[in-house]
Amino acid sequence: MMLELEGLSAGYGADAVLHDVDIQLNPGEIVTLIGANGAGKSTLVNAISGLIRPFSGQIRFEGQRIEQLAPAARLRLGIAHVPEGRHTFAGMTVAENLRLGAFLDGGADWMARARKLFRYFPVLEERFGATAGNFSGGQQQMLAIARGLMSEPKLLMLDEPSLGLSPLLVSEIFKLVRRLRDEGLTILLVEQNARQALQIADRGYVIENGRVTLSGTAEALIRSKDISERYLGIGARNSATDHATAQRAERLAQCLNP
1 MMLELEGLSA GYGADAVLHD VDIQLNPGEI VTLIGANGAG KSTLVNAISG
51 LIRPFSGQIR FEGQRIEQLA PAARLRLGIA HVPEGRHTFA GMTVAENLRL
101 GAFLDGGADW MARARKLFRY FPVLEERFGA TAGNFSGGQQ QMLAIARGLM
151 SEPKLLMLDE PSLGLSPLLV SEIFKLVRRL RDEGLTILLV EQNARQALQI
201 ADRGYVIENG RVTLSGTAEA LIRSKDISER YLGIGARNSA TDHATAQRAE
251 RLAQCLNP
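Counting from 1, one number per residue, gives the positions in the sequence shown under the UniProt record's numbering.
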């Protein structure tokens with residue numbers, strides 16, 4: 001087991017967002033978190049990376065409890081977090097952004113690491129000396145992912161990598177994520193684009209109101225009528241009726257309490 005969350009509750013200030021969340025990731029797989037805005041997906045990855053401290057519960061990485069470790073210590077263990085919104089340094093060049101990604105160990109071999117990444121991101125090699133602020137949204141997302149990979153992580157957490165991108169660029173980003181998995185990287189993918197996320201994932205968790213309400217293989221979740229209606233845009237569109245809402249609630253209850 002690479003990552004295990006057990007009974008995790010977390011939030012901001014005194015307000016809880018996550019409630020008793022249990023999640024597991026095995027080495028070399030893509031696990032996706034799907035859910036609506038405000039469901040708690042970003043809060044979960046923030047808790048894993050150490051940006052917030054959990055109220056209760058445990059986070060274990062390769063068997064080691066890490067919930068009290070600082071973010072830098074978690075990065076040294078091999079956990080990289082590419083947050084929502086890209087957050088590249090607009091006034092810095094591609095080279096400078098990438099070098100920052102290797103800062104924890106002094107970055108002595110940062111250029112060798114960058115060259116390895118150019119096979120995934122040829123545009124970054126072409127524009128190595130260009131300022132990141134002049135990049136398109138898709139290029140900035142590629143730079144953000146590349147910067148996360150500069151620490152040579154074991155686990156890469158991507159928070160909404162498709163946000164604000166054209167369909168063509170979204171497809172390219174998801175192809176890249178699958179390629180990274182095929183080459184051995186473990187990936188936790190947070191996405192509202194549930195259809196494409198499940199198409200490349202091995203497993204998935206559905207988060208609603210801070211709780212895991214459904215989990216399973218990606219194939220099983222795609223086949224789920226509830227997931228299709230809520231997140232994939234398949235099926236009847238009259239979910240606002242009391243009858244349809246009650247039916248979905250009953251099916252979810254059966255899944256959670258067989």
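Errors might be hidden in some of the hints.
What the hints assert, rightly or not - Below, simulated PhoX-like cross-link-like pairs (lysine-lysine); rule was C-alpha separation at most 25 Å, straight line:
hint : residue 1 : residue 2
1    : 116       : 154
2    : 154       : 175
3    : 154       : 225
Stated by the list, open to error - Derived DEER-like restraints, expressed as beta-carbon distance ranges:
hint : residue 1 : residue 2 : range
4    : 137       : 195       : 19 to 25 Å
5    : 216       : 9         : 20 to 26 Å
6    : 208       : 120       : 30 to 36 Å
Just so you know, the hints here were simulated from the structure itself, not pulled from any lab data. Built from N, CA and C at the ideal position, the CB exists for glycine as well.
So, going through the hints one by one against the coordinates:
no., hint, result
1, 116 / 154, "holds (16 Å)"
2, 154 / 175, "holds (19 Å)"
3, 154 / 225, "violated (34 Å)"
4, 137 / 195: 19 to 25 Å, "holds (20 Å)"
5, 216 / 9: 20 to 26 Å, "holds (23 Å)"
6, 208 / 120: 30 to 36 Å, "holds (34 Å)"
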